[in-house]
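Under the UniProt record's numbering, the letters of the sequence shown match residues 1 to 115, in that order.
Warning: the hint list may mix true and false statements.
[Unchecked claim] Pairs of lysine-lysine residues, derived as DSS-like cross-links and limited to a Cα-Cα distance of at most 27 Å, are as follows: (1) Lys-47 / Lys-29; (2) Lys-52 / Lys-33; (3) Lys-47 / Lys-33; (4) Lys-29 / Lys-52.
[As the list claims (entries may be wrong)] With beta-carbon atoms standing in for the labels, derived distance ranges: (5) Asn-74 / Ala-6: 27 to 35 Å; (6) Gly-67 / Lys-29: 34 to 42 Å; (7) Met-62 / Gly-32: 34 to 42 Å; (8) Arg-59 / Ala-6: 30 to 38 Å; (9) Met-62 / Ala-6: 28 to 36 Å.
Source of the hints: derived by calculation from the structure; they are not laboratory data. Think of the CB as a built atom: it goes at the ideal place given N, C-alpha and C, for glycine as much as any other residue.
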Amino acid sequence: MIVGSADPSVAPVEILVWMTGQGGYTPEKALGKSTEYAVINGGLYDKYRRSKLVWYVPRMGMFNYGGDLFLFLNDSLTSSDISIDDYVHKVQAVTEIITANDARFTVSNFSAQIL
1 MIVGSADPSV APVEILVWMT GQGGYTPEKA LGKSTEYAVI NGGLYDKYRR
51 SKLVWYVPRM GMFNYGGDLF LFLNDSLTSS DISIDDYVHK VQAVTEIITA
101 NDARFTVSNF SAQIL
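Required output: the full structure, derived from the provided sequences and hints.
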């Protein structure tokens, strides 16, 4: 999700929710072991932060996610990564290229609503 001010001159914050922490690139490999975590919708996520970037990486990989992304926004708000005055600019689904045996990435019925 891209979240930020209505002022286009202010750089937004990118909030990434990962499905797994396995594969070629992970925030842990780039930033080291996380010292923060969040419990969201019953799942335990390691949390990594850099300026204008927040990663949520589940400790146990997920096969799908059908929950409310607001819970991640709320966690980012309580930890001051974003402001109550910020807007959601974009929600998207992406994948990183990884090497794995019998790996498959499928997206079906992707939808998002901002209420």
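Hint check:
A distance of roughly 13 Å separates the Cα atoms of Lys-47 and Lys-29; the hinted pair therefore holds under the 27 Å criterion. Of the supplied pair hints, the one linking Lys-52 and Lys-33 holds, its CA atoms being roughly 19 Å apart against a limit of 27 Å. Only pairs whose Cα atoms come within 27 Å are accepted, and Lys-47 paired with Lys-33 is accepted, the gap being roughly 10 Å. At roughly 19 Å between alpha-carbon atoms, Lys-29 and Lys-52 fall within 27 Å of each other, so this suggested pair holds.
For the pair Asn-74 and Ala-6, the beta carbons lie near 20 Å from each other, so the given range of 27 to 35 Å is not met. Gly-67 and Lys-29 have their C-beta atoms about 26 Å apart, which leaves the hinted 34 to 42 Å range violated. Checked against the hint of 34 to 42 Å, the pair Met-62 and Gly-32 fails, with Cβ atoms roughly 23 Å apart. Between Arg-59 and Ala-6 the beta carbons are some 35 Å apart, a value that agrees with the proposed interval 30 to 38 Å.
Checked against the hint of 28 to 36 Å, the pair Met-62 and Ala-6 passes, with Cβ atoms roughly 33 Å apart.
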